[in-house]
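Enquirer: Sequence:
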Amino acid sequence: IGLLSKSLAEHRPVWVRPLTDLLSVKLDTPNEAHRTVAVAVLASFVRLHPDQEGHPDTAHLEILVNALMKGLADTSIRIRKLSVRGMGDIALVSDAELEKYTTTAVSAVMAGLEDPGDHRDEVALEAMNGLNKLSARVARRQLESILVNVLLRLRPCFEKESGALRAVSFSLFGELAKAGDCDAYREQIHTNMIALLLHLHDEQAEVQKMCSRALIAIAPLLNSDDVSRVINRDLKPYEIPRSYHTFLKEFCHVLVSLG
1 IGLLSKSLAE HRPVWVRPLT DLLSVKLDTP NEAHRTVAVA VLASFVRLHP
51 DQEGHPDTAH LEILVNALMK GLADTSIRIR KLSVRGMGDI ALVSDAELEK
101 YTTTAVSAVM AGLEDPGDHR DEVALEAMNG LNKLSARVAR RQLESILVNV
151 LLRLRPCFEK ESGALRAVSF SLFGELAKAG DCDAYREQIH TNMIALLLHL
201 HDEQAEVQKM CSRALIAIAP LLNSDDVSRV INRDLKPYEI PRSYHTFLKE
251 FCHVLVSLG
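UniProt numbering applies: residue 1 is where the sequence shown begins, and numbers increase by one.
Incorrect hints may appear among the rest.
Below 30 angstroms or equal to it, Euclidean Cα-Cα: the simulated DSS-like pairs (lysine-lysine) are [claimed, not checked]:
#  : residue 1 : residue 2
1  : 100       : 178
2  : 26        : 133
3  : 133       : 249
4  : 70        : 26
5  : 236       : 160
6  : 100       : 133
7  : 160       : 249
8  : 70        : 133
9  : 236       : 249
10 : 236       : 70
11 : 6         : 133
12 : 6         : 100
13 : 236       : 178
14 : 26        : 6
None of these hints come from the bench; they were simulated from the model. Please read all numbers here as calculations on a predicted model, not as lab measurements.
Sequences are here, hints too, so could you generate the full structure?
Expert: And the structure:
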């Protein structure tokens with residue numbers, strides 16, 4: 001559906017807005033399959049949301065956002081997951097549109113972290129992916145305004161059974177370092193340091209890579225040249241640590257010497 005929707009938006013933009021209007025109505029149908037297809041297509045239109053000439057159309061985006069917000073309250077977990085995915089793609093729109101919808105998008109994806117029916121963490125994974133994308137794009141002042149709420153919901157995800165969810169959670173923690181000179185984030189660095197070090201040796205390679213990336217991101221905030229030296233010498237972004245036990249031994253030695 002995503003590839004087809006992208007192709008329509010790029011090559012037949014004149015068809016897209018009428019299709020959006022048609023599918024938005026389908027969100028009220030009692031047929032779950034129809035609602036699922038409708039939300040899947042509408043979510044995939046968020047990135048481009050074209051007018052008839054193929055240019056981004058803010059009015060079109062507003063219709064899509066309203067439809068996805070409705071989908072967040074659907075009884076179907078699949079529809080809620082797709083709606084969260086679409087709201088996360090707000091990170092891919094223009095700066096002006098992102099400014100307008102940041103609060104709405106962040107609130108929507110954060111709600112996905114608390115979905116009561118998400119027993120397999122499917123919605124939570126989409127929510128974390130969305131927060132990752134949004135945190136990479138939003139202005140620093142906007143990031144600081146949501147930082148505390150995001151951090152509070154982030155920590156439990158470090159210990160989730162899903163390796164993919166753990167990985168994206170540590171990735172987000174590292175991404176949030178760009179707002180790291182605020183007290184809330186610095187406090188969370190110390191709170192989550194043990195989790196970062198433990199999962200640097202996680203059973204999933206992707207989790208190890210994201211922990212490496214996060215530690216590199218927070219290194220300047222630890223206010224220690226020795227700590228930064230150890231981190232930057234032994235860890236590389238998106239790579240598995242070359243010698244976990246050697247790194248851990250020296251890292252802990254440096255931390256103790258600072259105390």
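Enquirer: Evaluate each hint against the coordinates.
Expert: Outcome of the hint check:
1. Our distance criterion of 30 angstroms between C-alpha atoms is met by residue 100 and residue 178, whose separation comes to about 21 angstroms.
2. The suggested pairing of residue 26 with residue 133 holds, with an alpha-carbon distance near 28 angstroms, which does not exceed 30 angstroms.
3. For a cut-off of 30 angstroms, the pair hint linking residue 133 to residue 249 is broken: about 34 angstroms separates their Cα positions.
4. Using a Cα cut-off of 30 angstroms, the hinted pair residue 70 and residue 26 holds, with the two alpha carbons roughly 12 angstroms apart.
5. A C-alpha spacing of about 24 angstroms is found between residue 236 and residue 160, which places the hinted pair at or below 30 angstroms, so the restraint holds.
6. Annotation: proposed proximity of residue 100 to residue 133 holds, straight-line Cα distance about 16 angstroms (limit 30 angstroms).
7. For the suggested pair residue 160 and residue 249, the alpha carbons sit about 26 angstroms apart, so the restraint of at most 30 angstroms is met.
8. Of the pairs offered as hints, the one joining residue 70 and residue 133 holds, with about 22 angstroms between alpha carbons and a cut-off of 30 angstroms not exceeded.
9. Between residue 236 and residue 249 the CA atoms are separated by roughly 18 angstroms; this keeps the pair inside 30 angstroms, and the hint holds.
10. Restraint check: the Cα-Cα separation between residue 236 and residue 70 comes to about 42 angstroms, which exceeds 30 angstroms; the hinted pair is violated.
11. Distance hint between residue 6 and residue 133 is fulfilled; the C-alpha atoms sit about 19 angstroms from each other, no more than 30 angstroms.
12. For a cut-off of 30 angstroms, the pair hint linking residue 6 to residue 100 stands: about 23 angstroms separates their Cα positions.
13. At roughly 18 angstroms between alpha-carbon atoms, residue 236 and residue 178 fall within 30 angstroms of each other, so this suggested pair holds.
14. A C-alpha spacing of about 20 angstroms is found between residue 26 and residue 6, which places the hinted pair at or below 30 angstroms, so the restraint holds.
Checked against the numbered hints listed earlier, the structure breaks hints 3, 10; every other hint is satisfied.
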